[in-house]
Each structure stands twice: as structure tokens, then as C-alpha cells.
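As given, the protein sequences belong to chains A and B, one line each in that order.
Quick note: the first sequence uses full-length UniProt numbering, first residue 1, plus one each step.
Quick note: the second sequence uses full-length UniProt numbering, first residue 1, plus one each step.
Honestly, I wouldn't trust all of these hints.
What the hints assert, rightly or not - Below, computed lysine to aspartate or glutamate pairings styled on DMTMM-like, alpha-carbon distance capped at 20 Å: (1) A:K96 with A:D271; (2) A:K61 with A:D84; (3) A:K96 with B:D60; (4) A:K2 with B:D37; (5) A:K96 with A:E176; (6) A:K96 with A:E275; (7) A:K96 with A:E179; (8) A:K61 with A:E176; (9) A:K61 with B:D75; (10) A:K2 with B:D119; (11) A:K61 with B:D60.
Stated by the list, open to error - Facing chain A, a subset of chain B residues (Cβ under 8 Å, in silico): (12) D7; (13) I9; (14) A12; (15) H49; (16) R65.
Stated by the list, open to error - Pulled from the structure, derived: some chain B residues nowhere near chain A, Cβ distances all over 10 Å: (17) A22; (18) G124; (19) S161.
Everything labelled a hint here was simulated from the structure, so no lab data went into it.
Heads up, the beta-carbon is just placed ideally off N, CA and C, and yes, glycines get one too.
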Amino acid sequence: MKASVGGYARATDLRHALDLLAASDGMGRVLAGGQSLIAALNMRLSSGDLLIDINSIDALKGVSLDGNRLRIGALTRHAEIANDPLVAQHAPLLRKATDLIAHAAIRNRGTIGGALAHADPAAEFPACILALDATIHVEGPDGPRDIPASDFFVDVFVTTINDGEILTAISLPMAEAEERQVIHELARRSGDYALAGVCLVRRAAGHRIVCISVGPRPELATAAMARLDAGDTDGAVAALRDALDPPSDTQATAAYRRHLVGVLLHRAIADLNGETA
Amino acid sequence: MTAAFSDRIDIALTVNGESVEARVPAGRHLVDFLRLDLGLTGAHTSCEHGVCGACTVRVDGQAVRGCLMLAAQADGAEVWTIEGLSDTGAVADLQAAFVARNALQCGFCTPGMLVAAADLLAVGGVPDRATIREHLSGNYCRCTGYEAIIDAIQTVALARSEKGVA
Chain A
1 MKASVGGYAR ATDLRHALDL LAASDGMGRV LAGGQSLIAA LNMRLSSGDL LIDINSIDAL
61 KGVSLDGNRL RIGALTRHAE IANDPLVAQH APLLRKATDL IAHAAIRNRG TIGGALAHAD
121 PAAEFPACIL ALDATIHVEG PDGPRDIPAS DFFVDVFVTT INDGEILTAI SLPMAEAEER
181 QVIHELARRS GDYALAGVCL VRRAAGHRIV CISVGPRPEL ATAAMARLDA GDTDGAVAAL
241 RDALDPPSDT QATAAYRRHL VGVLLHRAIA DLNGETA
Chain B
1 MTAAFSDRID IALTVNGESV EARVPAGRHL VDFLRLDLGL TGAHTSCEHG VCGACTVRVD
61 GQAVRGCLML AAQADGAEVW TIEGLSDTGA VADLQAAFVA RNALQCGFCT PGMLVAAADL
121 LAVGGVPDRA TIREHLSGNY CRCTGYEAII DAIQTVALAR SEKGVA
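With the hints as extra help, turn the sequences into a complete structure.
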């Protein structure tokens with residue numbers, strides 16, 4: 001189908017984008033990579049939107065070190081994250097995730113800020129940034145605001161970004177020397193949304209586990225994390241399966257998804273330990 | 001609609017090496033602009049939500065989904081479609097290999113396959129079959145079963161590396 005769009009404006013800088021958003025009477029939509037938004041518009045899931053194209057705002061692009069944190073601009077594209085040496089060194093989970101996100105042509109356009117603001121629970125980056133304990137930086141009419149990843153995701157496609165605010169960057173702690181980060185998922189076709197997935201991080205403070213495609217939003221699997229901290233792999237798998245209430249749909253039943261996350265957690269733990277699952 | 005937003009957008013870009021200026025509807029995606037306004041019907045519209053890959057074109061040196069980018073966003077861009085890539089001979093060896101290996105039947109997916117394959121081979125080297133398969137995972141073919149397509153791309157990668165052009 002064809003998109004029905006109310007209007008389009010190309011923002012020249014962040015201030016301009018915020019002004020456009022404020023002037024849109026609630027119909028404004030920030031257009032970043034567009035790999036989910038334009039698909040949704042083409043399917044007429046939304047119409048009459050006033051698109052604010054932020055792709056020309058260079059200040060939102062790129063990866064840098066900011067003190068002891070890694071900062072990734074909202075407009076950094078998946079293909080750039082895949083090839084960025086700072087990401088590979090300090091947030092290898094994000095680099096590994098890019099192997100699983102969609103297809104090459106989509107990774108050339110899609111952005112990390114767009115993926116997070118879209119908040120699809122079947123997407124990889126939302127789960128990754130929660131597993132990494134990242135901070136989301138937004139800018140609004142009243143200035144900047146920092147949101148911990150644990151306070152960011154509310155429901156399917158819903159975040160705590162307020163009307164009038166734009167996601168500008170994320171920042172995350174640099175991986176510790178002994179830290180390990182892995183992601184495992186299963187999809188019917190390479191690049192499709194996962195039936196289920198698991199992000200697993202082991203750092204000095206303990207394990208962090210976040211699943212993909214098993215609920216309305218990414219959440220820390222705290223019970224399973226505690227079992228894993230205690231060295232109890234089977235207990236962690238059981239706790240993870242117990243804690244989840246995954247959806248059934250045409251792709252997989254709830255029972256199948258619950259089974260898969262256990263299999264994937266076993267594989268992730270083996271990967272973390274350098275073993276072959 | 002507030003005055004800051006337009007439902008018709010003026011764009012200036014190059015398509016297949018030629019300068020193009022146009023005024024496009026805000027919601028028109030790039031592949032419709034190429035097909036309907038410029039008559040370049042090589043890139044195909046099929047699923048129109050980024051799943052099938054039939055609309056794959058090259059924008060600023062990268063393969064992208066023509067259905068997931070608005071024409072308005074192509075202002076200032078350098079766009080290449082299968083027509084231009086054919087005329088310049090940039091994918092001539094891939095096209096010959098697709099014919100030789102019977103890597104198409106109906107041909108609907110082929111323009112997208114060729115742009116995706118050219119994108120992979122531009123990296124250089126000889127990708128293994130798994131890498132080729134992974135790179136083409138976003139391009140549906142409903143005739144060939146893919147093996148012949150992978151054969152063709154691997155053949156070209158080998159030939160280019162032997163010529164020292166890869």
C-alpha cells in the first residue's frame with residue numbers, strides 16, 4: 001500500500017526539530033532511519049502524520065567516549081554500529097546484535113535511536129541496552145533529560161519519552177576487563193524478528209538477563225539472574241521459564257517460546273563460558 | 001497542517017548519473033518516484049514494507065530498501081538503479097553469471113538480487129556460501145530456490161578475485 005502522510009519537514013538542527021515537533025499539534029512523528037516507521041505508514045497503520053526528518057542533524061550521529069562511558073548518537077545506523085571499533089571494544093553486545101537485526105539493506109538505514117524510541121519488544125536493541133544498563137538521553141522544550149533504561153520501556157511501542165521530546169543519544173558503561181556479553185536468538189529466517197531471544201551480560205556486580213519477544217517490553221529477569229549469580233544454571237533456566245508469560249501468535253505458541261528461552265539461556269551461558277552449547 | 005510542513009517537497013538528486021529535479025508528494029517512497037515519475041521500472045514494488053527486497057536500489061553507495069525511504073529524503077543523494085548499473089557495465093559480470101547459472105526464472109526479484117549481490121562483492125574478497133546466503137537473506141526469490149543465485153554470485157566473486165579487481 002501507499003503511505004498517507006500529512007506533511008514533511010526537514011529539520012536543520014535539534015532546536016529546529018523540537019520547534020517542528022511543538023508546532024505539529026500532536027501529529028508530529030520523528031523520522032530517523034524510517035525502517036519501521038515508513039513500513040507502518042505504507043501499511044496505513046497511521047495516516048496524516050507530520051514527519052520531522054532528523055537525518056540531516058549531524059550532532060545526533062556517531063560514537064564517542066564521554067569520560068568513562070560510551071556515547072552513541074541516536075542517528076547512528078546499525079551498519080555503523082556493526083563496524084565501529086569503540087562499540088566492538090566497549091559494548092560488544094551491540095555489535096553482536098547487529099548480526100541479528102534485519103537484513104543488510106535495512107541495517108544501512110535503521111538507527112539505534114529509532115529502534116529504541118519505537119520500543120518493539122521483538123527487536124534486539126531495546127533488550128540489549130537494558131541488559132547493558134544504558135541511559136537514554138532525550139531533549140525537549142524544557143531541556144535535556146536522562147532516563148535509565150530500566151525506566152524507559154512501558155509497553156509495546158510505548159516509552160517514557162514525553163510528547164515534544166526527541167531521543168538524542170544513549171550512553172552506557174564501558175565493558176569491564178572481565179565482562180562478557182552475548183546474545184542468542186532463534187528466527188525462522190535470518191534477519192526476521194526472533195521467536196525468542198536472550199541477552200546475557202556477566203560483570204563484576206553480577207549477571208544481567210533480558211529476553212526478546214516474550215512480553216510487552218524488555219525486562220530484567222531478576223530471579224534467573226540471582227540463580228546464575230549463585231552458579232545454578234538449571235535453576236536460572238527454571239526461574240526464567242517461570243517468570244515469563246510470553247504471547248502466542250502465528251509464529252510460536254507461548255509454551256514454545258517458554259521452551260526456547262530456556263534453550264537459548266543454556267546456549268548463552270555456554271557461550272559466556274567459552275564452551276560449545 | 002502548519003506552514004512548516006509541506007505536502008509537496010522539492011528535491012534535487014542524481015539518478016544513474018543524471019541530475020534530476022522534481023516535486024514529490026510527502027508520502028511518496030523512493031521506488032514509486034523512480035518507477036512512476038522517472039519511468040525506471042527495474043526496481044520492483046512488491047511487499048512495500050521492507051520484507052521482500054525487490055525494491056533494493058543503491059543510495060549514496062549503499063543498498064537500501066526503496067520502499068522504506070521517502071523520495072523527499074533523497075534530496076542531494078546519488079541514486080543508482082538496475083538500469084544505470086546495467087548501462088555502465090557495473091554488474092555485467094553478475095548478470096552474465098545469473099544467465100549462465102539459470103539464477104532466475106520469472107526475474108521479478110533479480111534487480112534487487114543484483115544490487116544486493118553487488119553490495120556484498122564491493123567489500124572485496126571471496127565470500128563463502130554462508131556469507132552470500134546471509135547477505136541475501138532479505139531478498140525473496142520464489143522460483144529458483146536460491147542455490148543457483150548463490151552459485152552465480154560465488155562464480156563472479158572468484159572471477160573478480162582472479163582478475164585482481166576484487
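Inset, instruction - List, from low to high, the hint numbers that the structure doesn't satisfy. - result: 3, 8, 10, 14
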